[in-house]
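Work out the full structure: start from the sequences and follow the hints.
For reference, the chains in residue letters:
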Amino acid sequence: MSIRPDLAVIAGHVSPGSRVLDIGCGDGALMMALREKDCDVRGIEIDGDCVERCVSQGLSVVQGDADRDLADYPDRGFDYAILSQTLQTAARPDRMLDELLRVGTRAFVSFPNFAHWRTRAALMFGGRMPVTRAIPVSWYATQNIHHVTVKDFRDLAKEKGARIEREWFFAGERQLGRAGANGRAEFAVFELSR
Amino acid sequence: MTLPDPLPLDGGGELSRVEIAYETYGALDEDRSNAILLCHALTGDQYVASPHPITGKPGWWERMVGPGKPIDTDRFHVICPNVIGSCMGSTGPASEASDGQPYAMRFPVITIRDMVRAHVGLLDALGIETLHAVVGGSMGGMQALSLAANWPERASRVLVVASTSRHSAQNIGFHELGRQAVMADPRWDQGDYYAGEAPDSGLAVARMAAHITYLSEEALTEKFGRNLQDREAKTFGFDADFQVESYLRYQGSGFTQRFDANSYLYITRAMDYFDLAEEHGGKLANAFAGTQARFCLVSFDSDWLYPTAESRHVVHALNAAGAAVSFVELTAPHGHDSFLLDVPALDRVIGGFLG
Numbered sequence: 001m002s003i004r005p006d007l008a009v010i011a012g013h014v015s016p017g018s019r020v021l022d023i024g025c026g027d028g029a030l031m032m033a034l035r036e037k038d039c040d041v042r043g044i045e046i047d048g049d050c051v052e053r054c055v056s057q058g059l060s061v062v063q064g065d066a067d068r069d070l071a072d073y074p075d076r077g078f079d080y081a082i083l084s085q086t087l088q089t090a091a092r093p094d095r096m097l098d099e100l101l102r103v104g105t106r107a108f109v110s111f112p113n114f115a116h117w118r119t120r121a122a123l124m125f126g127g128r129m130p131v132t133r134a135i136p137v138s139w140y141a142t143q144n145i146h147h148v149t150v151k152d153f154r155d156l157a158k159e160k161g162a163r164i165e166r167e168w169f170f171a172g173e174r175q176l177g178r179a180g181a182n183g184r185a186e187f188a189v190f191e192l193s194r
Numbered sequence: 001m002t003l004p005d006p007l008p009l010d011g012g013g014e015l016s017r018v019e020i021a022y023e024t025y026g027a028l029d030e031d032r033s034n035a036i037l038l039c040h041a042l043t044g045d046q047y048v049a050s051p052h053p054i055t056g057k058p059g060w061w062e063r064m065v066g067p068g069k070p071i072d073t074d075r076f077h078v079i080c081p082n083v084i085g086s087c088m089g090s091t092g093p094a095s096e097a098s099d100g101q102p103y104a105m106r107f108p109v110i111t112i113r114d115m116v117r118a119h120v121g122l123l124d125a126l127g128i129e130t131l132h133a134v135v136g137g138s139m140g141g142m143q144a145l146s147l148a149a150n151w152p153e154r155a156s157r158v159l160v161v162a163s164t165s166r167h168s169a170q171n172i173g174f175h176e177l178g179r180q181a182v183m184a185d186p187r188w189d190q191g192d193y194y195a196g197e198a199p200d201s202g203l204a205v206a207r208m209a210a211h212i213t214y215l216s217e218e219a220l221t222e223k224f225g226r227n228l229q230d231r232e233a234k235t236f237g238f239d240a241d242f243q244v245e246s247y248l249r250y251q252g253s254g255f256t257q258r259f260d261a262n263s264y265l266y267i268t269r270a271m272d273y274f275d276l277a278e279e280h281g282g283k284l285a286n287a288f289a290g291t292q293a294r295f296c297l298v299s300f301d302s303d304w305l306y307p308t309a310e311s312r313h314v315v316h317a318l319n320a321a322g323a324a325v326s327f328v329e330l331t332a333p334h335g336h337d338s339f340l341l342d343v344p345a346l347d348r349v350i351g352g353f354l355g
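Residue numbers (the working numbering), protein chains in the order written: chain C, 1 to 194; chain D, 1 to 355.
Warning: the hint list may mix true and false statements.
Said to hold, decoys possible - Between beta-carbon pairs, the in silico distance windows are:
hint, chain 1, residue 1, chain 2, residue 2, range
1, C, 36, D, 58, 35 to 45 angstroms
2, C, 92, D, 177, 27 to 37 angstroms
3, D, 222, C, 121, 34 to 44 angstroms
4, C, 194, D, 304, 39 to 49 angstroms
Keep in mind the hints are simulated off the structure, nothing from the lab.
Beta carbons are placed, not taken as given, at the ideal position from N, Cα and C, and that holds for glycine.
Here you go:
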């Protein structure tokens, strides 16, 4: 099974045998990849159909709302806390980041970069909220309530005292270099520690 | 099977010569590692996938248990014991005490943990050290949680459907209504009715009230609405004019054919006393500290008897204890009884979790 490039990068950089919490685990694609690496992996997902699919495949997934339910997890209960394509849907991304770095020794965060040139162009020349490959849903239906850019995220990490261990950028399936990433990357992945 | 040792009870004292009636389905592996303990609900019994000896009706979870079913008896050895306090062969208030007379109200008040202690006695006698899983819905789920909390090494997987870690005031209230209906029947006679007629009308009323709590308003409306029973118009009397009345009367009287009124008192009491956190210093997470078992909890959106919030409460405690837990709220229209009815998503979740 081929998985989304941001998930592939995360799966490739989690040490085998780790304890992992995948927040917003969706249909469990990343969890399955991590299970292959003998990780003890747990998931949180808000969508009941997704949870049912995960549990049917033998994955440990709790149906819940990460904004509320992360608080129940003990400090440093996991080697990694992963938030893939979910930060921008959180009620308070800043608090979510705190929670990630509380429950996990390290965290992976991936998100669509709102400063991608296509997004900028749509707004600048079209004058409307962008609907792009990376942000495919109209403004009124999207779950992305806190759009964020690569620069914004770096600022937030700094503000929160989080160290950026590694970062990866993608345009579609293609991995990009760090240079000009804020304009060129559709997706970003960060590995953080504190 | 008669347990070799007297059974210590939470309420003090012990119960001797404890008889456990049970059914098994599927073969036990040579290394005894494929056993599943299936715990039944309040008025359930051991006939999970075989015809009931009194009513002749199919087993109560035949859609879930059998060859090729989600709880696959081609792969698993399913053990379903009748709980103590019940009336289908395990020791209960209708059983003979040492003086040769039925215990009746001399039977000790038991708890969910006492029931599970008896199950563990059965597993010991059967030589089953570790269960592949313990599974239960409703009161069966309470037993599964109690086993996980008190005998954590005995089950690798714990599956709890439409259940709770404690009885709420509303739960206790409905049970008290049922008990008072039984005890208000003059034939109850302080429980000493075994030589004569049983308090069937009281027990039927208890069952009717309870049955309403097992269904959602939507399910009742869908099934009966305001339809009249075999008549064109209201009779301006107190016959069962409405289909829902006729249905509940039928459920009530059918129940008295197969269930003992005193058992109903004792088992509802055990459920009311159930509070897993209280047993563990007031903190539910303590009940599961250090557990190595994997858990799966399932609730139904239309279940107002043990609503989703109760399952979530358990899930939060399991998360705090660092346990591997799955939880899903399934959409089903039937209320609490959804766990017994046709909900394909439940089949998939159970099959997937048991592996």
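Verification of the supplied hints:
1. C/36 <-> D/58: 35 to 45 angstroms: holds, 42 angstroms
2. C/92 <-> D/177: 27 to 37 angstroms: Check failed, 45 angstroms falls outside 27 to 37 angstroms.
3. D/222 <-> C/121: 34 to 44 angstroms: For residue 222 of chain D and residue 121 of chain C the Cβ distance comes to about 53 angstroms; the hint is violated.
4. C/194 <-> D/304: 39 to 49 angstroms: About 43 angstroms separates the Cβ atoms of residue 194 of chain C and residue 304 of chain D, which means 39 to 49 angstroms holds.
Going through the hint list in order, the structure does not satisfy hints 2 and 3.
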